[in-house]
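J.: This is what each chain is made of:
2 protein chains.
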Amino acid sequence: MIIATERARRPDDFKPVEEPVEEGICPFCEGHEKQTPPEIISIRNNNSLPNTPGWDVRVVPSIKPLLKIEGSIDRRGKNLYDIMNGIGAHEIIIETPKHIANIADLEVEQIEKGINARIARIDDLEKDQRFKYVLAFKNFGRAAGGGKVRHSRSQLIATPVTPKRTKEKLAGSRRYFEFHERCVFCDMIKQELDSGERIICDIDGFVALAPFASRFPFETWILPKKHSADFTRLEQPQRKDLASIIKCVLQKLKVGLNNPDYNTIINTAPFRRPKAGYWKTIDEDYHWHIEIMPRLTRVAGFEWGTGFYICPLPPESAAKFLRELKV
Amino acid sequence: MIIATERARRPDDFKPVEEPVEEGICPFCEGHEKQTPPEIISIRNNNSLPNTPGWDVRVVPSIKPLLKIEGSIDRRGKNLYDIMNGIGAHEIIIETPKHIANIADLEVEQIEKGINARIARIDDLEKDQRFKYVLAFKNFGRAAGGGKVRHSRSQLIATPVTPKRTKEKLAGSRRYFEFHERCVFCDMIKQELDSGERIICDIDGFVALAPFASRFPFETWILPKKHSADFTRLEQPQRKDLASIIKCVLQKLKVGLNNPDYNTIINTAPFRRPKAGYWKTIDEDYHWHIEIMPRLTRVAGFEWGTGFYICPLPPESAAKFLRELKV
Chain A
262 MIIATERARR PDDFKPVEEP VEEGICPFCE GHEKQTPPEI ISIRNNNSLP NTPGWDVRVV
322 PSIKPLLKIE GSIDRRGKNL YDIMNGIGAH EIIIETPKHI ANIADLEVEQ IEKGINARIA
382 RIDDLEKDQR FKYVLAFKNF GRAAGGGKVR HSRSQLIATP VTPKRTKEKL AGSRRYFEFH
442 ERCVFCDMIK QELDSGERII CDIDGFVALA PFASRFPFET WILPKKHSAD FTRLEQPQRK
502 DLASIIKCVL QKLKVGLNNP DYNTIINTAP FRRPKAGYWK TIDEDYHWHI EIMPRLTRVA
562 GFEWGTGFYI CPLPPESAAK FLRELKV
Chain B
262 MIIATERARR PDDFKPVEEP VEEGICPFCE GHEKQTPPEI ISIRNNNSLP NTPGWDVRVV
322 PSIKPLLKIE GSIDRRGKNL YDIMNGIGAH EIIIETPKHI ANIADLEVEQ IEKGINARIA
382 RIDDLEKDQR FKYVLAFKNF GRAAGGGKVR HSRSQLIATP VTPKRTKEKL AGSRRYFEFH
442 ERCVFCDMIK QELDSGERII CDIDGFVALA PFASRFPFET WILPKKHSAD FTRLEQPQRK
502 DLASIIKCVL QKLKVGLNNP DYNTIINTAP FRRPKAGYWK TIDEDYHWHI EIMPRLTRVA
562 GFEWGTGFYI CPLPPESAAK FLRELKV
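So the sequences go chain by chain: A and B.
Residues in the first sequence are numbered from 262 upward in steps of one, following the numbering used here.
Residues in the second sequence are numbered from 262 upward in steps of one, following the numbering used here.
Source of the hints: derived by calculation from the structure; they are not laboratory data.
Any given hint might turn out to be false.
Heads up, the list lumps identical chains together, so a pair's fine if it works in one copy or across two of them.
Derived EDC-like pairs: lysine to aspartate or glutamate, alpha-carbon spacing no greater than 20 Å straight-line [said to hold, decoys possible]:
{"no.": "1", "residue 1": "K487", "residue 2": "D317"}
{"no.": "2", "residue 1": "K339", "residue 2": "E577"}
{"no.": "3", "residue 1": "K430", "residue 2": "E564"}
{"no.": "4", "residue 1": "K393", "residue 2": "E564"}
{"no.": "5", "residue 1": "K487", "residue 2": "E545"}
{"no.": "6", "residue 1": "K325", "residue 2": "E564"}
{"no.": "7", "residue 1": "K339", "residue 2": "E458"}
{"no.": "8", "residue 1": "K501", "residue 2": "D366"}
{"no.": "9", "residue 1": "K329", "residue 2": "E564"}
{"no.": "10", "residue 1": "K339", "residue 2": "D455"}
{"no.": "11", "residue 1": "K451", "residue 2": "D343"}
{"no.": "12", "residue 1": "K339", "residue 2": "D448"}
{"no.": "13", "residue 1": "K486", "residue 2": "D335"}
{"no.": "14", "residue 1": "K430", "residue 2": "D343"}
Treat the numbers as computed from the prediction; the structure is a model and nothing was measured.
Build out the structure end to end from the sequences listed, making use of the hints.
T.: In structure tokens:
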């Protein structure tokens with residue numbers, strides 16, 4: 262659990278209130294560069310200067326960082342409890358200079374530039390020896406925890422520990438590998454392509470599918486067909502293919518489900534991964550993938566209490582609906 | 262993941278729509294007994310007949326069960342995937358004959374009767390050898406996944422497997438016990454009572470506190486001070502004390518936070534627990550407790566991706582605010 266002091270609020274602030282409608286000038290639009298912290302990197306045209314117009318993608322620090330960049334981690338105990346400082350990095354990727362809300366509505370080339378920016382930033386954050394992982398994710402819409410400003414952007418958070426959920430995924434796929442000497446994701450992709458019933462799209466080296474154990478209706482995973490543990494090793498031609506399948510899936514969700522709010526999460530191998538016994542590295546047993554979770558249902562007591570999810574729609578029905586939808 | 266076929270919906274059903282307001286007759290009110298399935302048990306006065314007026318608490322089967330009572334579990338594989346039938350029980354505890362929405366507004370004696378009904382049902386479900394666990398929980402309000410009808414009720418779901426989250430809690434407390442030969446919850450209670458800074462109320466053998474690692478603002482745990490792994494072993498005088506502290510905490514949340522939606526979860530030891538090495542049973546290392554989670558913030562991509570939670574309010578501030586609030 263992270264206590265985010267930059268976001269600290271008084272108890273009175275939690276009384277539910279009507280949310281104000283969006284108003285004023287969007288700080289993420291071209292021409293408003295001075296309304297954000299100075300950019301960390303940008304993808305720019307024609308030799309324009311940093312923090313001026315002329316960019317395609319900008320990456321800026323979050324103004325409300327969940328974790329802060331300065332300081333040491335200082336792991337320690339306090340009686341029963343384990344404490345460390347909230348060290349990390351929290352960056353915002355502004356995915357378009359135009360005031361467009363949904364990344365689904367960007368051109369493929371523009372989405373690809375956002376992928377390039379993510380990879381450049383993750384590669385740079387890996388050099389900081391304090392960090393174990395970077396979570397790249399998107400909160401689109403209020404039900405997904407997104408901000409009020411309707412301008413397409415994603416987030417990167419570098420953490421000083423490998424996230425619990427990442428560890429669980431790594432441990433599960435390693436157990437499978439130790440038994441079968443094959444990647445569980447590669448086996449799953451082959452089986453899903455053979456059966457076809459949960460496939461949503463299959464484009465140029467990537468596949469989008471409704472996972473057999475979908476937690477949410479229309480949950481979608483995008484996976485590279487070629488084995489790779491590490492999202493940042495994606496080569497340039499593949500990045501455009503990834504952008505294409507992302508646009509395809511998100512357009513289908515937008516059109517088919519009336520522009521739902523959603524989260525996306527890139528799951529990739531952590532930094533500085535250990536050698537695994539007599540297998541070379543963790544790279545053999547893990548397989549990066551993107552999870553897309555439309556926020557159509559609410560998580561309630563049963564899910565919180567058990568860690569099990571109730572999905573009211575079989576993944577085969579969700580996949581068929583999305584597969585057959587023309588966008 | 263559970264595919265709940267009783268709740269199966271067509272893909273079109275997931276397009277967001279305005280929710281209709283509550284209307285018509287409440288099926289949970291006294292006099293409307295015919296609008297629910299026949300009761301499993303009830304707590305009744307003056308020899309009134311089942312499924313007629315004259316009750317204090319009724320337990321009925323869910324009309325939309327997540328798991329169904331008939332059949333065998335039939336664990337099996339299908340290529341890569343593990344499947345079992347959705348066998349279980351799903352029951353609704355109607356906590357009052359009156360049309361009162363929030364259990365916080367019931368009398369202590371009435372809350373105690375609901376505790377009696379829960380324990381009677383869990384004890385009965387334990388006799389079914391197919392079941393490993395019963396999750397007792399409440400979804401209050403729409404943000405917590407609750408139903409539209411504003412009549413106080415809770416749910417019981419018996420599952421044929423021990424829930425993932427229960428296993429994690431059991432494993433964590435067992436590791437602590439193996440090292441220290443003490444219950445981690447007993448140690449935590451002692452430490453929290455000594456410091457006092459995260460205590461919300463301390464009444465007659467129970468303590469309510471804001472956990473050090475609160476995932477949500479105003480998350481509250483209620484624990485018996487006397488060690489016990491099993492909620493159903495609660496003796497009669499203690500049940501009234503538990504009802505008192507539940508009312509105290511929920512009234513504080515209602516008054517202090519403007520009647521928020523919330524979930525409550527009873528965490529207790531699973532059925533048929535194994536003997537643990539040279540320790541006698543799991544009963545030594547686990548300690549039942551109730552989690553109360555007001556739904557004031559949204560879970561977003563970072564939480565889904567990492568399994569870490571961002572809490573914008575330190576638990577000491579939450580506890581102080583609730584502790585000092587007069588109800």
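J.: All hints are to be evaluated individually against the structure, with a verdict given for each.
T.: Okay, the hints, checked on the actual structure:
no.: 1; hint: K487 x D317; result: neither (29 Å within a copy, 62 Å between copies)
no.: 2; hint: K339 x E577; result: between (49 Å within a copy, 15 Å between copies)
no.: 3; hint: K430 x E564; result: both (19 Å within a copy, 15 Å between copies)
no.: 4; hint: K393 x E564; result: between (28 Å within a copy, 17 Å between copies)
no.: 5; hint: K487 x E545; result: within (12 Å within a copy, 49 Å between copies)
no.: 6; hint: K325 x E564; result: between (29 Å within a copy, 16 Å between copies)
no.: 7; hint: K339 x E458; result: between (52 Å within a copy, 14 Å between copies)
no.: 8; hint: K501 x D366; result: within (16 Å within a copy, 58 Å between copies)
no.: 9; hint: K329 x E564; result: between (31 Å within a copy, 17 Å between copies)
no.: 10; hint: K339 x D455; result: between (54 Å within a copy, 14 Å between copies)
no.: 11; hint: K451 x D343; result: between (43 Å within a copy, 17 Å between copies)
no.: 12; hint: K339 x D448; result: between (45 Å within a copy, 13 Å between copies)
no.: 13; hint: K486 x D335; result: neither (41 Å within a copy, 33 Å between copies)
no.: 14; hint: K430 x D343; result: between (23 Å within a copy, 17 Å between copies)
Going through the hint list in order, the structure does not satisfy hints 1, 13.
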